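*Asks:* Sequence:
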Amino acid sequence: MTAKLSSEQRHARIWAVIQRIPRGRVATYGQVAAEAGFVKQPRLTAQALRQAPDELKLPWYRVINAQGKLSFAPDSEAYKRARRQLEAEGVVFTRGKIDFDIYRWRPRSAAPVLD
DNA sequence: TGCTTGACCGACG
DNA sequence: ACGTCGGCCAAGC
0 MTAKLSSEQR HARIWAVIQR IPRGRVATYG QVAAEAGFVK QPRLTAQALR
50 QAPDELKLPW YRVINAQGKL SFAPDSEAYK RARRQLEAEG VVFTRGKIDF
100 DIYRWRPRSA APVLD
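Under numbering that gives the first Met the number 0, the residue at position 6 of the first sequence is numbered 5, and the numbers go up by one with no gaps.
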């Protein structure tokens, strides 16, 4: 049976994943969605973040786009706040971008990869 | 019900 | 490096 997840359910799963991103690391919208069980639906992450109540105090600034950049206009308050926070955590921006090789979050309990 | 909008993404030219 | 396009799918109107 096709028991669809309620929007609360989807958001809760995504929020839980975002909560797991450690200080000084970042994850993409797509990565978060996949980790929450929604492969190829990065927009769900964006939506969950938009809907997220402040009380959750999510590390929203650790979620960035697949280009390694913040998804805000560079002159916006959101951009400035996010960038300040990340830099305070030790994340370095090079020409406005974050290097995934160094800062991408690699969750442990992912599917075991045996080659 | 249908159409538009998004804190997105990957492939292409 | 950069714009465009199609895919994706919940929300809002």
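Think of the hints as simulated: they come from the structure by calculation, not from any bench.
In this text the structure is predicted, and so the values were computed from the model without any measurement.
Beta carbons are placed, not taken as given, at the ideal position from N, Cα and C, and that holds for glycine.
Hints should not be assumed to be uniformly reliable.
[To be verified] Once the Cα atoms are required to be at most 30 Å apart in a straight line, the calculated BS3-like pairs of lysine-lysine come out as: (1) Lys39 / Lys56; (2) Lys56 / Lys96; (3) Lys79 / Lys56; (4) Lys3 / Lys39; (5) Lys39 / Lys68; (6) Lys96 / Lys39; (7) Lys68 / Lys56; (8) Lys79 / Lys3; (9) Lys96 / Lys79; (10) Lys79 / Lys68; (11) Lys68 / Lys96; (12) Lys39 / Lys79.
[As the list claims (entries may be wrong)] Each pair of labels, with its calculated beta carbon distance range: (13) Gly23 / Ala77: 25 to 35 Å; (14) Lys96 / Ser5: 18 to 28 Å; (15) Ala77 / Ser6: 21 to 31 Å; (16) Pro106 / Leu4: 31 to 41 Å; (17) Lys3 / Lys79: 30 to 40 Å; (18) Asp98 / Lys3: 31 to 41 Å; (19) Asp100 / Gln8: 16 to 26 Å.
*Asks:* Does each hint hold? Answer for all of them.
*Replies:* Cross-check of the supplied hints:
no., hint, in the structure
1, Lys39 / Lys56, "26 Å, holds"
2, Lys56 / Lys96, "24 Å, holds"
3, Lys79 / Lys56, "18 Å, holds"
4, Lys3 / Lys39, "17 Å, holds"
5, Lys39 / Lys68, "19 Å, holds"
6, Lys96 / Lys39, "23 Å, holds"
7, Lys68 / Lys56, "21 Å, holds"
8, Lys79 / Lys3, "38 Å, violated"
9, Lys96 / Lys79, "14 Å, holds"
10, Lys79 / Lys68, "13 Å, holds"
11, Lys68 / Lys96, "5 Å, holds"
12, Lys39 / Lys79, "28 Å, holds"
13, Gly23 / Ala77: 25 to 35 Å, "20 Å, violated"
14, Lys96 / Ser5: 18 to 28 Å, "36 Å, violated"
15, Ala77 / Ser6: 21 to 31 Å, "23 Å, holds"
16, Pro106 / Leu4: 31 to 41 Å, "21 Å, violated"
17, Lys3 / Lys79: 30 to 40 Å, "38 Å, holds"
18, Asp98 / Lys3: 31 to 41 Å, "38 Å, holds"
19, Asp100 / Gln8: 16 to 26 Å, "34 Å, violated"
Hints 8, 13, 14, 16, 19 from the list above are not met by this structure, while the remaining hints are.
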